[in-house]
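Engineer: Protein chains in written order, with the working numbering: chain A, -6 to 107; chain B, 45 to 158.
A few of these clues could be false.
Stated by the list, open to error - Which stretches of chain B does chain A cover? Using the computed rule of at least three CB atoms under 8 Å from a CB of chain A, they are: (1) 87 to 101; (2) 145 to 154.
To be verified - Anything over 10 Å on all C-beta distances counts as not near chain B; from chain A, calculated: (3) Val5; (4) Gly33; (5) Lys37; (6) Gln96; (7) Leu107.
Hints listed in this document are in silico derivations from the structure and should not be mistaken for laboratory results. Because the structure is a prediction, the values reported are computed rather than measured. From the three backbone atoms N, C-alpha and C, an ideal C-beta is built for every residue, glycine too.
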Amino acid sequence: EAGVTQFPSHSVIEKGQTVTLRCDPISGHDNLYWYRRVMGKEIKFLLHFVKESKQDESGMPNNRFLAERTGGTYSTLKVQPAELEDSGVYFCASSLGLAINEQFFGPGTRLTVL
Amino acid sequence: AQSVTQPDIHITVSEGASLELRCNYSYGATPYLFWYVQSPGQGLQLLLKYFSGDTLVQGIKGFEAEFKRSQSSFNLRKPSVHWSDAAEYFCAVVQPSGNTPLVFGKGTRLSVIA
């Protein structure tokens, strides 16, 4: 069974540019989460999809971040326009069902904004 | 708000020595508790979890953790460290209802020397 995959693994962009991160969850996992780790800080929650619906987006830092999960499969996280403080590692995780279940994490996308 | 404290940013141990990584949480009720490990280039992998019952839980790769309610702690231990255990370790909690996001500590980086 394939795990959670994320693309790209690294992205270096200039301030003001747009970047789109992609996450492919484990097949059949309804729950999809985005997290972010800024250097030296803890991994922080951004948002949670249940299928194609946003269940909780309380962690999204501002309206420069837009997440979608069309069709309830893969998800994209767009940052537009990117700012220096957006640099960090963006993790995606997926899990089954409604009960507490293990969240399986992808390897992350390292975003550097110059 | 709930929080997780991992007081040790970086620990170095000799191969074969024992290991204990500390984790304390602040939460209104007893949360569900997790330890994840991230090896270079990899996603976060679940080592073990505690929901209820026996306060000493066994995980993968020879790790164990003990939940101590009185101390709000969930320390990770391993009796004999292997060089392949060098990685970053994250303690995380989640509220025991529904599929809610994980709250992470800042992580502890483990180095293993010969």
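Engineer: Against this structure, judge whether each hint is valid.
Structural biologist: Each hint, compared with the structure:
1. Three residues within the 8 Å Cβ limit are the bar, and the region 87 to 101 of chain B against chain A gives 6, so the coverage statement holds.
2. With 7 residues carrying a beta carbon less than 8 Å from a beta carbon of chain A, the region 145 to 154 of chain B meets the three-residue requirement, and the given coverage holds.
3. The beta carbon of Val5/A sits about 17 Å from the closest Cβ of chain B, which is more than 10 Å, so the claim that it is off the interface holds.
4. In this structure Gly33/A is not separated from chain B by more than 10 Å, as the shortest Cβ-Cβ distance comes to only about 8 Å.
5. For Lys37/A, the non-interface assignment is contradicted: its Cβ lies about 7 Å from the closest Cβ of chain B, within the 10 Å cut-off.
6. Not every CB of chain B is more than 10 Å from the CB of Gln96/A (nearest about 6 Å), against its label as outside the interface.
7. The Cβ of Leu107/A lies farther than 10 Å from every Cβ of chain B, with a closest approach of about 23 Å, so its non-interface assignment holds.
Figure legend: structure checked against the earlier numbered hints; hints not met, in rising order: 4, 5 and 6.
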